[in-house]
Amino acid sequence: MRELTYLEAIREAMQQKMREDSNVYLIGEDIAEYGGAFGVTVGMLEEFGKERIINTPISEEAIIGVATGSAVTGMRPIAEIMFSDFITIAMDQIANQAAKIRYMFGGKAKVPLVIRTAGGGGTGAAAQHSQSLEALVAHIPGLKVVMPSCPYDAKGLLVSSINDDNPVIFIEHKLLYNNKKCIQNVPRQMYEIPLGKGDVKREGSDISVAATSYMVQKSLEAAEKLSQEKGIECEVIDIRTLRPLDIDIILDSIKKTGRLLCVEEAPIFGGFMGEVSAQVSEKGFNWLDAPVVRVAGRNCPVPYSLVLEQEMIPGASRIEKGILNLLNKT
Amino acid sequence: MCNDSKAKKPYINIDGYRMEDKFSELDDSIKIEMLRKMYEIRHFENETEQFIIRGMIHGTCHLYIGEEATAVGAIYAINDDDYITSTHRGHGHCIAKGADLNIMMAELLGKKTGYCKGKGGSMHIADVGSGNLGANGVVGGSIGIATGAALTCKMKKNGKIVVCFFGDGAANQGIFHGSINMASIWDLPIIYLCENNVYGMSTSVKEAFNIEKISDRKCAYGIEGLTIDGNNLVEVFNAVSHFTGECRAGRGPVLIESLTYRWMGHSKSDAQVYRTKEEIKQWVERDPIERYKKILIDQKILTEKEDRDLEKEAISQIEEAAKFARESPFPEPSEVEDDVYA
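Chains as they are written, first to last, in the working numbering: chain A, 30 to 359; chain B, 26 to 367.
The set of hints was computed from the structure by calculation and includes no laboratory data. Beta carbons are placed, not taken as given, at the ideal position from N, Cα and C, and that holds for glycine. Treat the hints with caution; some may be incorrect.
What the hints assert, rightly or not - Partner residues are not named here, just some residues of chain B that face chain A (Cβ under 10 Å, in silico):
no. : residue
1   : Ile-77
2   : Lys-144
3   : Leu-176
4   : Gly-184
5   : Lys-319
6   : Arg-351
Unchecked claim - Here are the simulated DMTMM-like cross-link-like pairs (lysine to aspartate or glutamate), alpha carbons at most 20 Å apart as the crow flies:
no. : chain 1 : residue 1 : chain 2 : residue 2
7   : A       : Lys-137   : B       : Glu-362
8   : A       : Lys-137   : B       : Asp-363
9   : B       : Lys-181   : A       : Asp-50
10  : A       : Lys-137   : B       : Asp-105
11  : A       : Lys-139   : B       : Glu-315
12  : B       : Lys-179   : B       : Asp-105
13  : A       : Lys-139   : B       : Glu-72
14  : A       : Lys-137   : B       : Asp-125
15  : A       : Lys-137   : B       : Glu-357
16  : A       : Lys-137   : B       : Glu-74
17  : B       : Lys-185   : A       : Glu-58
Here chain A stands alone, though its shape is the one from the complex:
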């Protein structure tokens, strides 16, 4: 075992799958010599050549259309959309084509496509380069949606996503790529983490906290602080795959704690945690001692100024406050 960053774990998953399966290829903007806007594909051109590391013009809609067509005809493309905000440019191809081809054709086609994209804010990139659009795609039947929160999960979930015969939206978080606090031991060999399985990242008996992506790290930070300062033990659940959703792991947790706080970075209105909250109310009402509460982004675009951006996106202190309120403590 050796330690890898989140970015290195993602790259290793792609390299290992590409060595194993000649049908796997990469397509996207600035992924060749440049190595991708965030450096995820650095060195891959040298190993796999320009036939399999396909640099494209700036045409997101065509990138996803081409990747979809090649997937239907036997390839296993990994398309990189530089910022998750730009999936909106390719939305016809994602929502009307890739997601629906199998169903519309009566199950007689498959679309083994992975769309990797960098989501989330906190980088001062403002409204068009910082969004968390996972709810948009998770809403569409036919798509799977994955949001890893750490290097170990990133590698195993990406391998599974590439092996999956459905279109998978794989949303990486920019603040995790080179985050030295989140370096982890990652096995050298290839391994899969099944899609549709959440993960308890920290056990606890007082309250359950369900989170996605970078908010898992922030929730763990808040949980440690509350444990040390107040003796409150939070159970932190990483949802990992939004669709298919592992609701059972959350229900099992609230059987123990009776309380659920949901944490996400996207604006709270219509966010993915609304779905989690609804399902928990429908299926786990008897175990709840209090209403499900959400801590999420404010209802505005992601602003530029650091002061405003920190107000828009939840941090450990807002999560901490949310936990204390839900436990009726201060």
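Once you have looked at the hints, place chain B on chain A.
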């Protein structure tokens, strides 16, 4: 001996483009089969219209009547295992590509025995196994998919090509630009075949373009292209055949504009206030089936009687398909969430 008498005459199309007359080299049986396919399309669509009138089509349909020469001429110019993508007006392409008429008609009636088990309907008929990557409900929606299939052909070096059908309306979608540009820079084996049937729903090409010919857009991508008479099967066949070799050899994409006309309304709910009866009449006089039939009869490939028999056979086949569709069961409601994921 002098070979002059045997020297092949080139075919010169309406655009003044010189090409080999590949059509003349075909076996008579293939020439007749193409006429038969056109009859199948025409009568399939007539039958579909009857279903629409009787309220048996749950949804809409876009009929291909008047455009048969384009689908048949283009698809007979490629190999059986080559790919096509189609449009929302896709019945003609599917039939020309060899779709089973019974299964197609069943899909239109929303039956379990249909191509999509009743989940797709008219706008989503596909048969991936036979290279038909599907009709598409979104104008221009299949241009990217076709380009991706061409990328597969190039990467797998399988020698196949793609014919991407789309309409004049689709030529103004962003995906048209992004995809053709990519196909050009990567030399993908694909023929972009724009069926200019004069209207994108109600909007005339005169209102939607400020260029004379849609094929002029080839210049923007540094590729070959031309405009053809899409109601002349011989011309469509020759034009597509002209480019298949280059395309297969990896010398890049082509943009063909096929001039044709849809006789019927855009869909089942079209009062057709945007065009005149006179205009429709002028195009009906250029009926692709009548024109092609005349060529075959003039060349003594077919007699009037054989032609009538051919059409009768097509009609009875369509009646058979309609019967199959009517008698097929609907899907079970419990199947509704099947096939969302692989």
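Comparing the hints with the structure gives:
1. Ile-77: violated, 21 Å
2. Lys-144: Nearest chain A Cβ about 5 Å off; hint holds.
3. Leu-176: holds, 5 Å
4. Gly-184: Violated, about 14 Å.
5. Lys-319: Violated, because the Cβ-Cβ distance from Lys-319 of chain B to chain A comes to roughly 39 Å (cut-off 10 Å).
6. Arg-351: violated, 19 Å
7. A:Lys-137 with B:Glu-362: holds, 15 Å
8. A:Lys-137 with B:Asp-363: Distance of about 12 Å is within 20 Å: holds.
9. B:Lys-181 with A:Asp-50: Given that 20 Å is the threshold and the Cα spacing comes to 13 Å, the pair holds.
10. A:Lys-137 with B:Asp-105: holds, 19 Å
11. A:Lys-139 with B:Glu-315: With Cα atoms ~41 Å apart, Lys-139 of chain A and Glu-315 of chain B exceed 20 Å; violated.
12. B:Lys-179 with B:Asp-105: Since the Cα atoms of Lys-179 of chain B and Asp-105 of chain B sit roughly 18 Å apart, the hinted pair holds (cutoff 20 Å).
13. A:Lys-139 with B:Glu-72: violated, 32 Å
14. A:Lys-137 with B:Asp-125: This hinted pair holds, its Cα atoms lying about 15 Å apart.
15. A:Lys-137 with B:Glu-357: Holds, at roughly 18 Å.
16. A:Lys-137 with B:Glu-74: violated, 27 Å
17. B:Lys-185 with A:Glu-58: Given that 20 Å is the threshold and the Cα spacing comes to 27 Å, the pair is violated.
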